[in-house]
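**Student:** Given the coordinates of chain C, work out where chain G should sit on it, guided by the hints.
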Amino acid sequence: MNFRFLRNVIIKGLVLFLLFDLVFAAVNPAALGKVSLYNHLFAGRQRFPFGEDSSQSYNLSLFNLDAMFAAHIIANGPKPADEYRVIIIGDSSVWGILLHPEETLAGQLNAVGLSLCGKTIRVYNLGYPTISLMKDLMVLDYASRYQPDLVIWPVSLEAFPDDKQLSSPIVANNATRVEDLITRYKLPLDPNDPALVHPGLWDNTLIGQRHTLADLFRLQMYGMLWAATGIDQTYPVDYQHAQTDFNTDVTFHNMQPPTLDASRLAFEVLEAGLHLAGGTPVILINEPILISDGENSDLRYNILYPRWAYDEWREMMSARAEAGGWNYLDLWNIVPAGEFTNSAIHLTPAGESMLAGRVDQIILQQSCP
Amino acid sequence: MTLALILVSIVVAAMLGLVTQNRWRIPLLLVSCTLAVYAFQPQLPVRGLDFWLPTATLALTTLAWILTTPREQRSWRINWPAAVILGGIVLVLGLTRYLGLSPHLTASRPPQTLQILAGLATVAMVAFLLTRFTKPGKSVLTGAFVFIILIFIVLKVPQLAALVSMALRSLNHQSTSLALAQDLRWLGFSYIAFRLLHTIRDRQSGRLPAVSLSEYVVYVIFFPALTAGPIDRIERFVGDLRRPLALTADDLGEAGKRLVLGLFKKFAVVDVLAMIALNGTNALQVRSAGWAWVLLYAYTFQIYFDFSGYTDIAIGLGRLLGIKLPENFKAPYLKPNLTQFWNSWHMTLTQWFRAYFFNPVTRALRSGKRPLPIPAVIFITQVTTMVLIGLWHGVTLNFVAWGLWHGLGLFVHNRWSDLTRARFTALSPHWQAALNVGGVLLTFNFIALGWVFFALPGLSISVHFLRLLFGLV
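Quick note, the sequences are listed as chains C and G, same order. Position one of the first sequence corresponds to residue 244 (this note's numbering), numbered consecutively onward. Position one of the second sequence corresponds to residue 34 (this note's numbering), numbered consecutively onward.
Calculated from the structure, these hints are not laboratory results. It is possible that some hints are incorrect.
[Unchecked claim] One-sided excerpt, in silico: chain C residues whose CB lies under 8 Å from chain G:
1. M467
2. L468
3. I474
Where is the CB? At the ideal position from N, CA and C, for every residue including glycine.
Same shape as in the complex, but just chain C (with noise of 0.2 Å):
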């Protein structure tokens, strides 16, 4: 060895390194999220890979789709013909925070065992915990793929207001899914909002994607504790539950009372749902909110809503639902208060079971595929 061959290996590396970087950044590196151990060498998780603390949860957030589908049991192969297969889209609320896998709404569903046409019901939970309606869309955009034969919508006001749709990481991350459905459904968004990231060539280059390939691999490694774990997020014994006082502020995303401002609330994205899912029935579901008992509870139910924005949104659904034909469920005060946790909308398994003892009527009666 001398020093010639040293600086000839160096100068070497650094060339190669270039040459993969660029070659990496001209192909899609986002289509490396398809690539996925889960449902091959252990099993799919029961809900979207969502959580903060790693180490504890055995799961993380990442902003690439291909990845969390492929990460999800409804990837699992085709689906079975003896399946009704029913997808639950939504917020935190269908996701579960605080709640084990089968206490969530698609668990108890599925633990009821339900069938329907001669096929076994099989729910699956593709809720995620950011509460927006574009994300709503993007994602049964997504699990269209797969073919569901039901799709069950909670939504909640709090989806609606115009500044939540773009904003929220996992959508502004996902900018081409989410200019095609603006310019496929005509939505009254920016394609070009600042919230939305474009990747430029640098973004795509290996150094570019270290942090999104370290998350990619990070997701197949915490697959293998979900699995040997059934642990996909922390529980803590203690947490702070809902707020049940408020103060006498009254403004809905700077919406002030009387009126509520249709322009300014997504219905449009509620109504590209809709049509999205083609002839695929869809269950809208107005989801339970805390009904608080609390100081200013006569100006606000929860610490989410003033009662007069909820309430004036509540009417303009049920209006719309019934002019648009659609198969909406208002199910807002069928949870007590003792029910929820640590949001107005998080229900405890009891408070669940009450919402999954409502929803498997409304499975039931859907007419065959």
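**Tutor:** Using the frame of chain C, we list chain G on its own:
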């Protein structure tokens, strides 16, 4: 150690190796190593302790040099630069408290200058008294040996460490209720203690070469090997140190290879394995024997790559500085029996225990008036050696259990190989190869099962996990 610290170490080592002329080599190494003792020390909740512990490292090392060096070799005329460098660095680091530097070179803001001056004066006084009034006689050296062992015991017994933390917190007017054993994390003390004990014992037996203060300090706190070894021998180390430094392409190539390999092991392989490796939490969560084995194997490889990665980095850094540190690992998981495993796992530690415990005890047991039978000697020495190695990691029942596991394993293997050696050598090469493969698998799994005690925090959880591994839960 963080990646940033390792990268800084690489840059420093490369600069020292490539730039410095030979006459400045040892002084600059002394400065770098002394600064590293402070820089590597993690922040501690007891006020000022993360400054005082590195200072205590320097004080202990200096005093040990005085005790282990013949009077005629302790000439002030030769050694004053090293003493001034050491004292000067402590003082200058202490003065950085007034510079408002962030981050400090020390883990937190250094204590008040007056306290540091008092500390330095105390060390100087003790050094003066030792120089003036003691000869490095057997009893003094034995006293020093016992003193270092006592510090070690205090640090490694959680209850004692917590008590000391409580006392230090009380002195500092900090809450004693928050005292924890981890408050006394003294970076590198385990390895420093081994080096000091080695020089003291070799001085007692007359094998220690005469070295200057700067050479001695650089040997004890050589920054590449400060946190995780390897434990070199002073005569070999000083031989390299005194040799003129002329880095060749081979040195640079080997250093680069070891550094890249070490960084890859430490920050790619280990970080990945750490996600799924066995720990006190997932041991109670895992639901099936199959997955339990996956977690255990992940830990088995994690601990190997972690430790051998550090060793690669240390060897690479050493090579840049012209020091060929000894190897610590030699494909240990590919060995066909436990004896060979322990000849290739953390080799410098086992060599240390062999030299300073196993061999002397064996000699003592076999050379008395009524020597014990050989199997009894082997049993006693192997079990006690392995239990001591276990206790070196921490004075807990789990480390005792781990030591017993290996001690008994070594004894059984020793007896078995004695019984079967003749038959084994009579076998055809094919059969020998097949038995070797079987031996590798058996040994690997035996070692992996032993890691259960090492990885988990208590005996009951260890037993639970072992039962789970064999489908008994």
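**Student:** Run every hint past the structure and note whether it holds.
**Tutor:** For each hint, the structure was consulted:
1. Contact between M467/C and chain G, as hinted, is supported at the beta carbon level, the nearest pair being about 5 Å apart and thus within 8 Å.
2. At its closest, the beta carbon of L468/C sits 6 Å from a beta carbon of chain G; the interface hint therefore holds under the 8 Å criterion.
3. Satisfaction of the interface hint for I474/C is found here, the shortest Cβ-Cβ separation to chain G being roughly 6 Å, below the 8 Å cut-off.
Violation of the numbered hints given earlier is absent; every hint is satisfied by the structure.
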